[in-house]
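Listed below are the residues making up each chain.
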Amino acid sequence: MEPIVRHEGLVVCMNRVNVDTDQIIPKQFLKRIERDGFGEFLFFDWRYLPDGSPNPDFELNRPEAKGATILLVDDNFGCGSSREHAVWALRDYGFRVILAPSFADIFYNNCFKNGLLPIRIPRELYKQLSESHARGEWRRMTVDLEQQTAATDHGVTFSFEIDPHKRHMLLHGLDDIGITLQYEDEIARYEASRRPYQFVYA
Amino acid sequence: MGRTLFEKVWDAHVVKELPDGQTLLYIDLHLVHEVTSPQAFAGLRFAGRKVRRPELTFATMDHNVPTVNPKDVRDAIARKQIETLEQNCREFGVQLAGLDSPFQGIVHVIGPELGLTMPGKTIVCGDSHTSTHGAFGALAFGIGTSEVEHVLATQCLWQSRPKTMRIQLNGALQPGVTAKDVILGLIAKYGVNFGTGHVVEYAGSLIPQLSMEQRMTICNMSIEFGARAGMMAPDETTIAYVQGRRYAPKGEDWEACVAEWRELKSDLDAVFDVDVVFDVHDLEPQVTWGTNPGQGTGISGVVPDPKDAKSEEEALAIRQALEYMDLKPGTKISEIPIQHVFIGSCTNARIEDLRLAASIVKGRRVADGVRAVVVPGSKQVKQQAEAEGLHEIFLEAGFEWREPGCSACLGMNPDIIPAGERCASTSNRNFEGRQGKGARTHLVSPAMAAAAAIAGHFVDVRELTSEGVTA
Numbered sequence: 001m002e003p004i005v006r007h008e009g010l011v012v013c014m015n016r017v018n019v020d021t022d023q024i025i026p027k028q029f030l031k032r033i034e035r036d037g038f039g040e041f042l043f044f045d046w047r048y049l050p051d052g053s054p055n056p057d058f059e060l061n062r063p064e065a066k067g068a069t070i071l072l073v074d075d076n077f078g079c080g081s082s083r084e085h086a087v088w089a090l091r092d093y094g095f096r097v098i099l100a101p102s103f104a105d106i107f108y109n110n111c112f113k114n115g116l117l118p119i120r121i122p123r124e125l126y127k128q129l130s131e132s133h134a135r136g137e138w139r140r141m142t143v144d145l146e147q148q149t150a151a152t153d154h155g156v157t158f159s160f161e162i163d164p165h166k167r168h169m170l171l172h173g174l175d176d177i178g179i180t181l182q183y184e185d186e187i188a189r190y191e192a193s194r195r196p197y198q199f200v201y202a
Numbered sequence: 203m204g205r206t207l208f209e210k211v212w213d214a215h216v217v218k219e220l221p222d223g224q225t226l227l228y229i230d231l232h233l234v235h236e237v238t239s240p241q242a243f244a245g246l247r248f249a250g251r252k253v254r255r256p257e258l259t260f261a262t263m264d265h266n267v268p269t270v271n272p273k274d275v276r277d278a279i280a281r282k283q284i285e286t287l288e289q290n291c292r293e294f295g296v297q298l299a300g301l302d303s304p305f306q307g308i309v310h311v312i313g314p315e316l317g318l319t320m321p322g323k324t325i326v327c328g329d330s331h332t333s334t335h336g337a338f339g340a341l342a343f344g345i346g347t348s349e350v351e352h353v354l355a356t357q358c359l360w361q362s363r364p365k366t367m368r369i370q371l372n373g374a375l376q377p378g379v380t381a382k383d384v385i386l387g388l389i390a391k392y393g394v395n396f397g398t399g400h401v402v403e404y405a406g407s408l409i410p411q412l413s414m415e416q417r418m419t420i421c422n423m424s425i426e427f428g429a430r431a432g433m434m435a436p437d438e439t440t441i442a443y444v445q446g447r448r449y450a451p452k453g454e455d456w457e458a459c460v461a462e463w464r465e466l467k468s469d470l471d472a473v474f475d476v477d478v479v480f481d482v483h484d485l486e487p488q489v490t491w492g493t494n495p496g497q498g499t500g501i502s503g504v505v506p507d508p509k510d511a512k513s514e515e516e517a518l519a520i521r522q523a524l525e526y527m528d529l530k531p532g533t534k535i536s537e538i539p540i541q542h543v544f545i546g547s548c549t550n551a552r553i554e555d556l557r558l559a560a561s562i563v564k565g566r567r568v569a570d571g572v573r574a575v576v577v578p579g580s581k582q583v584k585q586q587a588e589a590e591g592l593h594e595i596f597l598e599a600g601f602e603w604r605e606p607g608c609s610a611c612l613g614m615n616p617d618i619i620p621a622g623e624r625c626a627s628t629s630n631r632n633f634e635g636r637q638g639k640g641a642r643t644h645l646v647s648p649a650m651a652a653a654a655a656i657a658g659h660f661v662d663v664r665e666l667t668s669e670g671v672t673a
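Listed in order, the protein sequences are those of chains A and B. This note's numbering numbers the first residue of the first sequence as 1 and each following residue consecutively. This note's numbering numbers the first residue of the second sequence as 203 and each following residue consecutively.
In short, the hints are calculated from the structure, not lab data. Built from N, CA and C at the ideal position, the CB exists for glycine as well. Careful, some of the hints might be misleading.
Part of the chain A face toward chain B, derived, beta carbon under 8 Å [said to hold, decoys possible]: (1) 17; (2) 80; (3) 110; (4) 113; (5) 139; (6) 142; (7) 159; (8) 163.
Model the full structure from these sequences, guided by the hints.
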C-alpha cells in the first residue's frame with residue numbers, strides 16, 4: 001500500500017449529505033475481479049449524461065476540479081454497501097484525502113487499507129470551508145498526517161484526530177496481515193482454549 | 203458494573219489487545235460471496251498464503267445469479283465472477299453452496315437456516331447486511347474486501363471497540379404492522395446515521411413477541427442507520443429456531459450451548475453509551491418516499507414539503523430526493539401508483555415473509571400494468587414455500603415465481619427496474635439507481651408490497667377486506 005505522510009493537492013467540494021457507496025460506484029461495475037481500473041466509473045450515474053458525455057453540472061466535471069486529489073464532502077459519506085470498490089474507485093481516480101463531518105464505519109475502515117486518508121472535521125468547519133471554497137477564496141490544501149494538521153492556501157489551519165494505530169499503518173503503508181501473523185502464537189493459543197463445538201461445522 | 207450482551211461476546215473473542223486500543227478479535231464464522239471475495243483470494247494467492255480455517259468459512263453465490271434460470275449467466279463478466287468463486291473455493295478448500303447445491307441462496311438467509319449462525323458467535327462477511335445475524339445474539343458485521351482477505355489469512359480482525367446503544371422497542375404491533383415497519387419507522391424518526399460507531403442492542407417488550415424471521419428483518423437494517431451491528435439477546439425462540447438445523451451442535455454439545463445461550467444477555471446493571479426508547483403500538487405500515495431509508499412515513503401520510511424541513515441541509519436532501527423520485531409535496535402516499543413489486547432480498551425473503559405476502563394476495567389479482575415478482579431467499583425457502591402451495595397462490599394472482607438470489611434488491615443480475623418506473627420493494631435500500639438507473643424504489647413490508655401489487659398503488663394493508671381492495 002502506498003503510504004501517505006504529507007499531501008498537497010487541489011480540493012473539490014461536494015455539498016451533499018449521505019453519499020452512499022451505490023453512488024460512488026454503481027453495482028454494474030462490481031463484477032470485475034481486479035482491484036484496479038475503477039476510477040473511470042467513479043460517481044458514474046452523476047458524472048455522465050445518458051448519452052455517455054460528461055455531465056457539466058457535476059462537481060468533479062467542472063474545469064476548476066480537474067486534477068483534484070482532495071475531496072471535501074458533507075455528513076455520512078460512504079454509507080450503505082460495504083463494497084471496497086468505492087475506495088478503489090476514489091483512489092484510482094486520484095483521491096488521497098477525504099474530509100467530511102462524518103463517515104460510515106465500513107467505508108472509513110476500508111480507506112485505511114488502500115492509502116486513502118479520511119479526516120473527520122467538525123460540521124461548523126465543514127460549513128466554513130465549503131462556503132469559502134464555493135466563493136473561490138481557496139483551492140488547495142496541505143495535509144500533514146504526521147503532525148495531524150491541515151492548511152488551506154488561504155491560511156485556514158486546523159488539526160484533526162485519528163486513531164494512532166490507523167495513522168501508523170497509513171504513514172508506513174503497512175500490510176495488516178503481515179503484522180497480524182506476528183501474533184500467530186496468541187491466535188493458536190486462543191484457538192486451543194475454545195471448545196470444539198464452538199467451531200461447529202464439519 | 204455489569205456487561206452488555208455485546209461486551210460479553212466481544213470479550214470472549216479477544217485474542218490480543220494493543221496499548222493503542224486496537225483489538226485482535228477472533229472470528230467464528232466467515233461467510234463469503236462472489237462479489238466481494240475475488241480480490242481477497244487473489245491477494246492470498248499473490249502472497250502465497252492459505253485460508254487459515256477453511257472449516258470456519260462458508261461460501262455461496264447470490265448477487266449475480268439470474269433468477270429465471272440460474273445457470274444461464276449471459277453476462278460474461280458476471281459469469282467470470284461466479285466461476286472465480288467456484289475456482290477459489292476448490293483451490294483453498296472452502297465449502298461452497300454453489301448453483302447445484304440445495305442450500306444455495308442469499309448468504310444472510312442460508313447462514314441462519316443451515317444453523318451456521320448461532321448465539322455468541324462472531325460472524326463477518328464482505329457485505330453490509332451481515333448485521334442480520336445479530337438477531338441470534340451473535341456479533342455480526344460487514345467488512346471490506348481487504349478485511350475479507352485478512353480474515354481468510356488469519357481468522358482474526360483488528361477492531362477498535364465500538365460504542366454501545368440500546369434501543370428499547372416497547373409495545374405490541376397492530377395487526378398488519380410488521381418488523382419491517384418497526385425498523386423503517388425507527389430510521390424515519392432518528393435518521394440514517396444515528397447509529398454510526400455503535401453496536402446496537404434491541405431490547406424491550408416487543409422482542410419476545412417476534413419470530414426469528416422478524417428479528418432478522420430488524421437487525422438486517424441496522425446498517426441503514428449506520429450501526430456497526432445490531433444484536434438481540436437469545437431466548438427460547440432463538441434456541442428453538444437453531445435446534446436440529448444442519449450444522450447446529452448435537453447431543454451433549456447442544457446441551458452445553460443452550461446452557462451458555464440462556465445466560466447470554468446484558469446484565470441488569472449494564473450501562474449503554476446511548477439509550478433510546480421507541481414505542482411501536484401506534485406505528486402504522488411504513489412507505490419510503492425518498493432516496494434513503496430514513497425518508498419514509500406512515501401509509502396515512504403525505505410526501506413532505508422541503509419548506510417544512512428542520513434545517514437547510516434537510517430541505518436540500520428532500521428537494522434532491524423528490525426530484526429523483528418525481529414526487530410533489532403534499533401527495534398522499536396512498537395515491538402513488540406503482541408499476542413493479544419486488545418481494546425478496548435478505549431483509550424479507552424468508553418463509554414467513556412469503557406466507558404473509560401470500561395471505562394477502564390469495565384469491566386476488568395483480569393490478570393491470572403491474573409486474574410483480576417473488577424471489578425466495580434460498581433454495582430451502584423456495585422448496586418449503588412450494589410444499590405449502592404458496593407458489594400457486596402467487597402464480598394464480600399473476601406474480602412471477604423465481605429462483606433464489608439477491609435479484610432486484612440491487613440489480614446485479616438481469617432483474618432491473620426500468621428508468622422512471624416505480625417499485626414497491628421489500629428490500630433495504632432506496633438509493634438512487636439501486637434497482638436500476640433512474641428506477642424509483644419505495645421500501646415497504648411484504649404485506650404492504652403484496653397489497654400494492656393488488657391495488658396498483660400503495661394502500662393500507664389493514665383496509666384489505668374479503669371484498670377486495672379499494673382501487
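Do the hints match the structure? See the list:
1. 17: With a minimum Cβ separation of about 6 Å from chain B (threshold 8 Å), the hint on residue 17 of chain A holds.
2. 80: 6 Å, holds
3. 110: Constraint on residue 110 of chain A satisfied, holds at 4 Å.
4. 113: The hint holds - residue 113 of chain A has a Cβ within 8 Å of chain B, the shortest such distance being about 4 Å.
5. 139: 24 Å, violated
6. 142: The hint is violated - residue 142 of chain A has no Cβ within 8 Å of chain B, the shortest such distance being about 26 Å.
7. 159: 19 Å, violated
8. 163: Hint holds; residue 163 of chain A Cβ to chain B Cβ min 6 Å, cut 8 Å.
Hint check: violations occur at hints 5, 6, 7; the rest are consistent with the structure.
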